[in-house]
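**Student:** Below, each chain spelled out in residue letters.
Number of protein chains: 2
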Amino acid sequence: MRVSLLGPKGTFSEEAANKFFKQKKIVYKEEIHDIFNDVLNENSKFGVVPIENSLEGPVGITLDLFLKFDLKIYSEIILDIKHNMLGIKNTNLEDIKEITSHPQALAQCKKFIKNAGFTTKNCLSTADAAKNIFLAGDDTIAAIGSITTAKIYNLIVLEESIQDEDFNQTRFIILSKQDNIQTGADKTSVIFTLPDKPGALYDALGSFVKERINLVKIESRPSRKGLGDYIFFVDFLGHRHDQRVKNGLKSLKNKVTYIKLLGSYPSLKPD
Amino acid sequence: MRVSLLGPKGTFSEEAANKFFKQKKIVYKEEIHDIFNDVLNENSKFGVVPIENSLEGPVGITLDLFLKFDLKIYSEIILDIKHNMLGIKNTNLEDIKEITSHPQALAQCKKFIKNAGFTTKNCLSTADAAKNIFLAGDDTIAAIGSITTAKIYNLIVLEESIQDEDFNQTRFIILSKQDNIQTGADKTSVIFTLPDKPGALYDALGSFVKERINLVKIESRPSRKGLGDYIFFVDFLGHRHDQRVKNGLKSLKNKVTYIKLLGSYPSLKPD
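Here the protein sequences come in this chain order: F and U. For what it's worth, numbering that gives the first Met the number 0 labels the leading residue of the first sequence as 0, then goes sequentially. For what it's worth, numbering that gives the first Met the number 0 labels the leading residue of the second sequence as 0, then goes sequentially.
Hints are supplied without guarantee of correctness; some may be wrong.
No copy labels: a pair is met if it fits in one copy or bridges any two.
[Stated by the list, open to error] Below 27 Å or equal to it, Euclidean Cα-Cα: the simulated BS3-like pairs (lysine-lysine) are:
#	residue 1	residue 2
1	120	110
2	67	110
3	224	81
4	259	224
Hints in this document: simulated from the structure, not taken from any laboratory.
Could you put the whole structure together from the sequences, leaning on the hints where they help?
**Tutor:** This is the structure we're talking about:
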């Protein structure tokens, strides 16, 4: 069973996949877009992509790609994230001038980087950053990544746990062509846009309230058409085969200008 | 009259300030946090900070700082953003390996950078990137910035208008210790958190609907406490001295666990 995720070897996406899949063949991809493509073209049965971080919020690119690709959410995986400052062997902490990682990892260590006065450079993933400094053999540049990543690329840990807040979790989702079966403790994700009139969001949310459906997440993203034009991403409890959810979605359809069901899947507790 | 904004000379923040203030003394700051500090400590009467971009969405750091600082919104400024690829004189386009700018500018030119295969490096502002390549005299690295910035730092335009979408606007706000007077066409901004119970957002929005108050923006940001715990940022039409707004806010206060009024100010049309 092939699973596409952000590579190279040693990313947090791979750790998330290891948590969920016992047996699998991992296909490493450079960009989130390529993972959506792999699942759509059936090069892989599943894809694992980050969707939300407790410090930085939504992963915008993942949300945007759901508009372009007709794929479903099969499951979610929640991973504790600990960032460390990694260097090649024999690096002296005081020689470090620059720090490199994925933009989200850099953002999650903002305070640490600011205090240290490092310049920052973007990489495609935390593991990509680790791999780059290992290949370059440069002892003036550090990477941000996990202890697992350090081991894979033969790096030393210069400083442990450098993220701004101790509590740092990332939620990953498993992409598939189909969503999941009813388990009795499920979650459903939906995207919609609203007519430009007063009370439109209130009316839309009313569809859930009437059926006593509990919203667990609401995100608004700019539609890329202009300031003030939003796409809403909503997660709520229940499976799309539940009668209450069926009623709620039927009512919601009459109140939106566009709607796309991303599917139903087992609900994990975030804590 | 002192106005603090992101420097160095030639940033989009400075262009925004030039659009609003006729006479002023500009105080250049390195970070958005320093601008909030300047206004709070009365080093400057006003601060100009970006709050939202039509492609990339909210500027998270600005939203987060409103939780920490008791400052108000005095006005808003909407600026059309055109990004260009800038280099030092006599640069050959084919020698460029890396591109440097503010993370938001890099994100707004994602497709162009991907197609060209450049590595990316973060700077504190678009003008900072331009200044850095000018000072380094390096013809293998390009900056992203405006035509104005190119002129200030004696750079040439290697490629014009490289942003992913033609329509690209950034909304800036003017920070102050006081908000603005009633003009009859005003907007009010408010932050709140909700109790953890079904229908809480619906109930909160009901306070606006009952008074026929038109919401123009809703953003949810993670509270940094955990996944699924959100702070809401809402903009609606009307001034806090309007009777309907007074009623709406009074009702809202009973439905939230925390509320902070960011003030009322003249409403600009986004288009």
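**Student:** All hints, please: hold or fail.
**Tutor:** For each hint, the structure was consulted:
1. 120 x 110: This pair counts as both: shortest intra-copy Cα distance 16 Å, inter-copy 18 Å.
2. 67 x 110: Cα proximity of residue 67 and residue 110: across copies only (15 Å, versus 35 Å in one copy).
3. 224 x 81: For residue 224 and residue 81, the Cα distance is within 27 Å only across copies (16 Å; inside one copy 37 Å).
4. 259 x 224: So residue 259 and residue 224 pass the 27 Å test inside one copy only (18 Å; across, 30 Å).
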